[in-house]
Amino acid sequence: MAGFPGAHAERSDADYVVVGAPLDRSTTYQPGTRFGPRRIRAVAESFEDYDHHTDSRFTALDVHDHGDVHPGGDVEEYLTFLEGVVGDADRDGAVPLLLGGEHTVTVAAVRALEPDVFVCLDAHLDLREEFGGDPYSHSTVTRHALSVAEEAVILGARAGSKREWERTAAADVTVVPPEEVPDWDPAFDREVYLSVDIDAADPGFAPGTGTLEPFGLDPATMERVVRTVAPQAVGADVVEVNDQDDDQAAVLGAKLARSVVFAHADARTYR
Amino acid sequence: MAKEQNEVRDLDEGSYVMMDETPCKITSYSTAKPGKHGSAKARIEGKGVFDSKKRSLSQPVDAKVWVPIIERKQGQVVNVEDDEIQVMDLDTYETFVMVSPDDVNLSPDDDIEFLEYEGQRKIV
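Protein chains in written order, with the working numbering: chain A, 12 to 282; chain B, 747 to 870.
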């Protein structure tokens, strides 16, 4: 498997560790997230090494690609494994960056990194306790995150069950609807985990995802959020990318993943 | 023989394994696959039996690992002085000195159980 383009650092020197997590099990509509990490890496081949926002080169930022960690039969056991891989990167002083895979993989990273705040770009609230009897359905991710983080901020959410919307009334959940995301000002001074569910984007921009939801965000707005939040991030992910389009979802996901690295590294340089 | 070889697949939470040449008790065991046609990999997290340091190991399930043979023994406290206790091994009647754990209060004649591995001991 070819690694993430430009991720040439040795593991021991890495400031950022990319981990592919191609879990594809609970997707409710359109499967294919098992191909997400592969597509994201493939489309990133075409990107310029240089980022003019930060005046830096991706190849100079010490990114290492751990490769993909494939699921076995038991999701909970897989999440424990993934939690260990992500935790190792964190203990070694690197920022882990997961490439999904369905959104469930985020649970492993949040458990490993124990952030104060869970910030998520997502069309869906993901606050279910279970879906179809599955407590690890991709629609339960924010609820799992809240068992670790103090609060969750869901940007671009526009879909959920009645019970999920009722759950958002509690003080530990903030929902920013799509039309308010461009003006959202995070003002965090705490540790954040940043999760990018590609379905936060309007399906017109990223049709290659499991559960399409119209009236979503435009890519520039998502990039602004990512670059704003990344400096505070102890870890991040790009999830729910599949292979059911002409790589629109993958190319947006790959660009956002790189934006996390550029913005985080830039803030670290000037801190 | 203070250790034996086993396959990673035979390990489980609660059992012992050598990590960084140190006997560790396994606190977490999980598996995943590295990729196409790769055999499953196991990830083991453990805690040093005698130094309580966390360690981890990631190996294919069919890889060989060393498992320490840790003896569980009975002893009797002979004397307590500050944080040191003198203990008699009730099998061999050998006496030795060890540091008293912070969380137990021992007096002479108390019976204890301890783990022993290559001269290292720990009260359980």
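Incorrect hints may appear among the rest.
Said to hold, decoys possible - Output of the computed footprint for chain B on chain A, the stretches with three or more beta carbons under 8 Å from beta carbons of chain B:
1) 113 to 119
2) 181 to 188
Unchecked claim - Taking lysine to aspartate or glutamate and the EDC-like style, the derived pairs with C-alpha atoms no more than 16 Å apart in a straight line are:
3) B:Lys799 x A:Glu88
4) B:Lys819 x B:Asp808
5) B:Lys793 x A:Asp85
6) B:Lys779 x A:Glu88
7) B:Lys800 x A:Asp35
8) B:Lys779 x A:Asp85
9) B:Lys800 x A:Asp101
What the hints assert, rightly or not - The calculated label-pair distances, taken between Cβ atoms and stated as ranges, are:
10) A:Asp194 x B:Phe796: 56 to 64 Å
11) B:Asp808 x A:Glu191: 23 to 31 Å
12) B:Arg818 x A:Ala198: 28 to 36 Å
13) B:Pro847 x A:Thr39: 50 to 58 Å
14) A:Glu125 x B:Asp766: 46 to 54 Å
15) A:Tyr40 x B:Asp766: 41 to 49 Å
16) A:Gly78 x B:Met764: 46 to 54 Å
Bear in mind the hints are in silico, worked out from the structure with no lab data behind them.
Backbone N, C-alpha and C define an ideal beta-carbon position, used for all residues, glycine too.
Against the earlier hints, flag every one the structure doesn't satisfy and list their numbers going up.
1, 2, 3, 4, 5, 7, 11, 12, 14, 16
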